[in-house]
Amino acid sequence: MPDITATDPATATADNPVQGIDQTAGNFSYKIDYEFDAGTGLSEQTIRYISAVKKEAPWILDFRLNALKQFQAKPLPTHWATKDLENIHFDKIRYYLAQGQKPKRTWDEVPDDIKKTFERLGIPEQERKFLAGVEAQFDSEAAYSNVKELVAKQGVIFLNSTEALREHPDLFRKWFGKVIPTGDNKFSALNSAVFSGGSFIYVPKGVKVTHPLQAYFRINAESFGQFERTLIIADEGAELTYMEGCTAPKFSTSTLHSAVVELVALKGAKIQYITVQNWANNVFNLVTKRGVAHEEAEIKWIDCNIGSRLTMKYPGVVLKGRKARGEVISIALANDGQHQDTGAKMIHAADETTSNIVAKSISVGQGRSTYRGVVHIPKHLKGCKNNTECDALLINTNSRTDTYPAITVRGNANPTQHEASVSKVSEEQIFYMQQRGLTEGQAMSLSVNGFVNDLASQFPMEYSVELKRLIDLEMEGSVG
Amino acid sequence: MSQLEIKDLHVSIDEKAIVNGLTLTVRSGEVHAIMGPNGTGKSTLAKAVAGHPSYTITSGDVLLDGKSILAMQPDERARAGLFLAFQYPSEIPGVSIANFLRAAVQARMGEGEELDATAYYKRLYSKMDMLKMDRKFTSRAINDGFSGGEKKRCEILQMAMLEPKFALMDETDSGLDIDALRIVADGVNALRSTNLGVVMITHYQRLLGYIVPDFVHVMWNGRIVKSGDKSLALELEAKGYDWVKKELAHA
Amino acid sequence: MSAPALTSASLTGAFTPEAFAAHLKTVAHLPAWWLDRKQAAYDRFATAPMPKRTDESWRFATLTGLQLDGYARGGTVALPQLGHAPVGIAKAGRIVLANNRLVTHDAIAADFAARGVIFDTLQNALRRHGDLVKSHLLAQPAPQGSEKFAALHTAFLEDGAFLYVPRNVEIADPLAVFHYAHGAHSAVFPHTLVVAETGARVTLVDLFRSTDASRQFACGQNDLFASHGAEITYVAAQTWSRDTLSFQFNSTVARRDARVLSLNLHLGGRQARHESYSQLQAPGAHTEMLALTVARGRQEFDQRTLQIHQAPHTSSNLLYKNALLEQSKTIFSGLIVVDADAQKTDAYQSNRNLLLSDEAEANSLPGLEIQANDVRCTHGATSSPIDPEQEFYLQARGIRKAEADELLTFGFFEEVLSKLTNDQLHDALRELIRTQFKQ
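In the order they appear, the protein sequences are chains X, H and W. Numbering of the first sequence is given in my numbering, commencing with residue 1 and proceeding in unit increments. Numbering of the second sequence is given in my numbering, commencing with residue 1 and proceeding in unit increments. Numbering of the third sequence is given in my numbering, commencing with residue 1 and proceeding in unit increments.
It is worth saying that the hints were derived from the structure and are not from the lab. One thing to keep in mind: the hints can contain errors.
When the alpha-carbon atoms are kept at most 25 Å apart in a straight line, the in silico DSS-like pairs for lysine-lysine are as follows [claimed, not checked]:
(1) H:K136 - W:K419
(2) H:K67 - W:K401
(3) W:K419 - X:K424
(4) X:K323 - H:K16
(5) X:K186 - W:K52
(6) W:K344 - X:K74
(7) H:K16 - X:K382
(8) X:K382 - W:K401
(9) W:K401 - X:K379
(10) W:K134 - X:K83
(11) X:K115 - X:K31
(12) X:K102 - X:K148
(13) H:K165 - W:K401
(14) H:K16 - X:K385
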C-alpha cells in the first residue's frame, strides 16, 4: 500500500459531497522515492545536474547557465509588485525531482502512486471523454503523455518539452525563447535556467485540431519548484485549443510554480489557451505567458485563477501581423490569504490589429485581487483598436481590489477605451433569493456565478462546470 | 437658376457597390422625391453627393451648375450650396447650436468680413419661431440628448439659416410623430422657392402628403428604375414595392 | 555593476548650498520655525536622488528633461515691465508677484477685512498671523513621487499668497493671484494657501505666466483646506513659457460636508508635471478634480493624482481631458484609494485624450485601490481621434476642417468648463485655450 500523507484529515470527502473537484481534493500527496533529485538550493551545479540527467545537447546547458546568471543579476520586481515576493526562499527550494525522463504512453505503465494521483484528479476519465491528447506532469517530468492516433496522423506533435528537445531539436530551437526572451523578467530567467517538462505542440499548416489537447500539472513534493516550459506553434491556418489544469497539496512550507509559455500563431492560425488553475494556498505562482500573432492570426487566452498564495500572471499577445487579433478573458478569485495579481498585455505592432481584454475578479474575505494591464499602440499604426473592461466584485466588508492599467496610444488613428468598475453583491438580490428559500451562501454563490457567467460561458463545457463548482466551494463560509 | 446633375454615378463602400449608375437632374424650384425599399442605396447616394469620406465614387460625376464637385471637400461642397439633412444627425456634446451655426454662417463670408451679430440673431430667432423652437434651444449642444423630432427640426433650422441651392433630405420623416412631421413639413414648405432645389429621400409616401413633390423616382438596386409625377407615389403606396419588382422582372 | 558616485552638484543643479544660503538671507526676517523647516527641506532636497527610470511614479516620463542646472533667482520687476494683461473677470482682490516678490496688491474690500478675511502675501501672513499659517502651511502630504522637488519648493519658497476666510463668510467674486516669471533662467517658487473655515465660501484663481519665451524654472504648490461645510473653488491657469520646466503640487483637504472644486488648465511649459493629492477626511466631503490640457509642439504634460477616501460617505469626481497636437505627449496617472471601512464611497476617475495628430502620444494609468466593499468606484480612460462622423457633420454645414476640429475640441472641453458657475471665468479660460490654438 502506498503511504499517503493526508495533510488535512478534516477534508475527508464524506463530509462534503462536492469535494471531488475542490482545491482540497488535490490536497493529498504520496511519498515517492525520487530516482532523480537535484537537491535543495540553486547553483551552477543544480543546472549541470538537471542538464546531465536529461542528457541535453550542449547548447541547452549553455542556455541554462546564461539564464542562471541573468536570474541572479535581476532584482525582484518589488518596485511595482508585492513585497510578498521577498518571502520566496530560493535556497530552500528543490528544483528537480523525477522518477524518470520518459513518460508512459498508457496509464497501465504509469507507477501506481502517480497513476492514483491522476485518477483522483479525474484525468484519465476526461481523456476518454473529450480530449485529443493528454500530458500529465508529476513534479518535474511528465509521467504520462499520449495523443490520440487520429490527431497524430495529421502530423500534430504533442510531447513534453524534455522529449521534444530530443526528438525535434531544430523545430524546438527555432522558436524557443523567441517570444519570451530569457531576461524578460526575473522569473522567466529562473524558468529558462531550470525548466523541465511542459508541452511542446506543433500543428501543421491548415490542420484544425477539433478536440482540446490537455496538460495537467501536479506538484507532489514539499518545498518544490515546478518550472514547466510550454511552446506551441500553430502553422499557417492551423487551429487548436489547449487546456491546462494545476493542483498541489497544501504544505506548511511554500511551493513555487514558475512556468514560461510561448505561443506562435502563424498567418491565419488560431490558438485558444485555457487555464484553470487551482493551486493550494501555499503556492507562489509566477508565470510568464505570451504569444505572437502573425497576419490575421488569433490568440485567445482564457485564464482562470483560483487558489495559490500569490499569482502573478499577465498573459500577453504581440500583434505582429496585419489584422491579427488578441484576446484575454480572465477570471480571478482571491480568498483569505490570497493575492491574485493578474492581467493582460497587448502589444500592437501592425496595422488594423485589434485586442480585447475582459477581466473579472472576486475578492472574498481578506482576499486581494489586482488587475494590471499594458496596452501599447506605437507610432504610425492605423486602424488598431483596444477595448479593456475590468470589473471587480467585493464580497466582504474589507475585501480588497486594485486596478493598475497602463495604456499608451500614439497617433490619431487608433482608438482605445478602458473601463473599470467595482461593486458588491446586491443585498436586494440576496434577500430575494433567500425569500425563495436559498441559504445566504447559496444565494451568494448564484450571484457570483452570475457575475462571471458571460465569461465562463466561453469555456468548454467541462471547464465551465468545474469553474462553477469551484466558485460554489469558495463562496461557502464567505458570509456571516 | 441653378442645376444639380448626377450623371451615371457609381458608389461603393468597402469595395461593395451600392449605387450603380444613377442619373438625375434637379433644377432650382423643383422638389424630387426618391423612393425605394431599405438597402437600395438612397442614403448612400445622399452621403456620397455630400462627400462623406467612407463612400468611394468609382465612376460618374456630380455637377453643380456645370462644374464637377467630386474633387471638393465636404465643407467646400456645402459652401457651394449643397445641404444634407441627415437621417441620423450626429450628437456633438459641448458644442452649442449658437456657436456652431455662427461658425457655419461665418465660414460663408469673405475673409475679414465680420458677422453682424444683431442681424444674425434676429434672423435665427425668426427661423426658430417658424419651426416652433424655444429660444433656449440655441444654448443646447448640437443634437445632444435631443428627441427624434428635435433633431429633425434642428436640421431644418440649419437649412433655413444656411440657404442652400440644393437640399438633400435623407429620411427626414423617420422617427417623427404626426405633430413633429407637420412642423417639419411646414418648415420645408416655407423654404420652398424658386431658388431652392430639393431631393427628398423617403421610404414612405407619408411625407409626400405634406411636401408635395414635382417628380417622384423609384430607386432599386442602386439606380432609378421608374420616374413619374406625384401620382407615382400614390401608386407605389397602393401596390407596394413588389409591384416595381414584378414590373422589372417583366421588362 | 555599481553606479558612479553621484556628486552633490548633480543632485542640486543650480540650487547649491550657496544659493540656498543666499536665499535664506532674503527671508531672514521671517519666523524661526519657518526657517528651520526650510533648512530641513533643503537637506532633504540636496540628498534625495533624482527620479529613476524604475520609479513607478515616473513611469513614461522623460527623465532627461528634469535637469536643474542654469537657473537663478530673477531680478526685481516693476509692474510696467510685466506687460500685465487683465483676465477679464471681476475680482474681490488681487496680488501680483513676479520672480517671487510682490509687485502689487489690491486689498480685499474693507468690510471683508473687518469680518476677518485675510488676503495677503505669505510673508506678511507669516509675520502677522504666524500660528494660523503654521498650522496649515505645507502641513499636508502632497507629492506623488516628487518628494525631492517638493522639498526644493519649501526650501526656496520666498513669497506667495495667503487667503483665510473665517466662519460663514462668503465672497462671491474670485480673488486672483498672478505669479510671473520674468527674464531668462529665472526660477520661481509660487505658493498659494487657502484656508476656508466652517461654512465659508470662496473662489481663488492662480495665474502662472511668463513675460517672454525664455527658459525658466517653476516649482510651485497650492494647498486648499476646506473645513466643515466650506466651499472652495480653485482655478489655476498655467501659461508658462514653452521652455519652462514646471512642477506644481496640490494638496487638498476636505472635511465634513466640505466641497472643493479645482480646475487646472495646462497650456505652458516644455515639460510640466502636476501632482494632486486630495484627501476626503470626513462624511459628506466632496471634491471635483478637473483638468484641461492643450499639448502641442514637443510639450510633455505629466499629471499624477491621488484621491483618498478616508471616511465613509465621501465622494470625489475626477475628470482630466487632454487634447494633443503635433508631437506632444501626455501622461495621466491617477489613483483612487478607498481606505478600509470607508464604506459608501462614491468615486469616479476619468481620463479622456483627444489625439489630433499622428505623432502625439497619450499615456493613461488609471488606478484603483479599494479596501471596502460597499462602494461605487469606476474609472475610465479613452484615447481617440476626432469622431469622423462629427467632423463630417460640421463640414457638411460648410465649416472648414481645421475650424471644425477646433469647435469639436472646445466641445470636448466644455464638459469640464461647464462645471464653473462663474461665466466670466468660464469665458476667460476659453479665451486662454483659444490663444493656444492660434499659435
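Each hint tested on the structure:
1. This hinted pair checks out: H:K136 and W:K419 have alpha carbons roughly 19 Å apart, not beyond 25 Å.
2. Using a Cα cut-off of 25 Å, the hinted pair H:K67 and W:K401 holds, with the two alpha carbons roughly 22 Å apart.
3. Pair hint W:K419 plus X:K424 does not hold up; C-alpha atoms about 30 Å apart against a cutoff of 25 Å.
4. Simply put, X:K323 and H:K16 have alpha-carbon atoms about 20 Å apart, close enough for the 25 Å limit, and the pair holds.
5. About 19 Å separates the Cα atoms of X:K186 and W:K52, which keeps this hinted pair within 25 Å; it holds.
6. Pair hint W:K344 plus X:K74 does not hold up; C-alpha atoms about 43 Å apart against a cutoff of 25 Å.
7. Taken as a hint, the H:K16 and X:K382 pair is honoured in the structure, with Cα atoms around 22 Å apart against an allowance of 25 Å.
8. Simply put, X:K382 and W:K401 have alpha-carbon atoms about 20 Å apart, close enough for the 25 Å limit, and the pair holds.
9. A distance of roughly 23 Å separates the Cα atoms of W:K401 and X:K379; the hinted pair therefore holds under the 25 Å criterion.
10. Proximity of W:K134 to X:K83 is assessed by CA-CA distance (about 37 Å); at most 25 Å being required, the pair is judged violated.
11. Taken as a hint, the X:K115 and X:K31 pair is honoured in the structure, with Cα atoms around 13 Å apart against an allowance of 25 Å.
12. At roughly 18 Å between alpha-carbon atoms, X:K102 and X:K148 fall within 25 Å of each other, so this suggested pair holds.
13. Between H:K165 and W:K401 the alpha-carbon distance is near 22 Å, which keeps this suggested pair within the 25 Å criterion.
14. Of the pairs offered as hints, the one joining H:K16 and X:K385 holds, with about 23 Å between alpha carbons and a cut-off of 25 Å not exceeded.
Checked against the numbered hints given earlier, the structure breaks hints 3, 6, 10 and satisfies all the rest.
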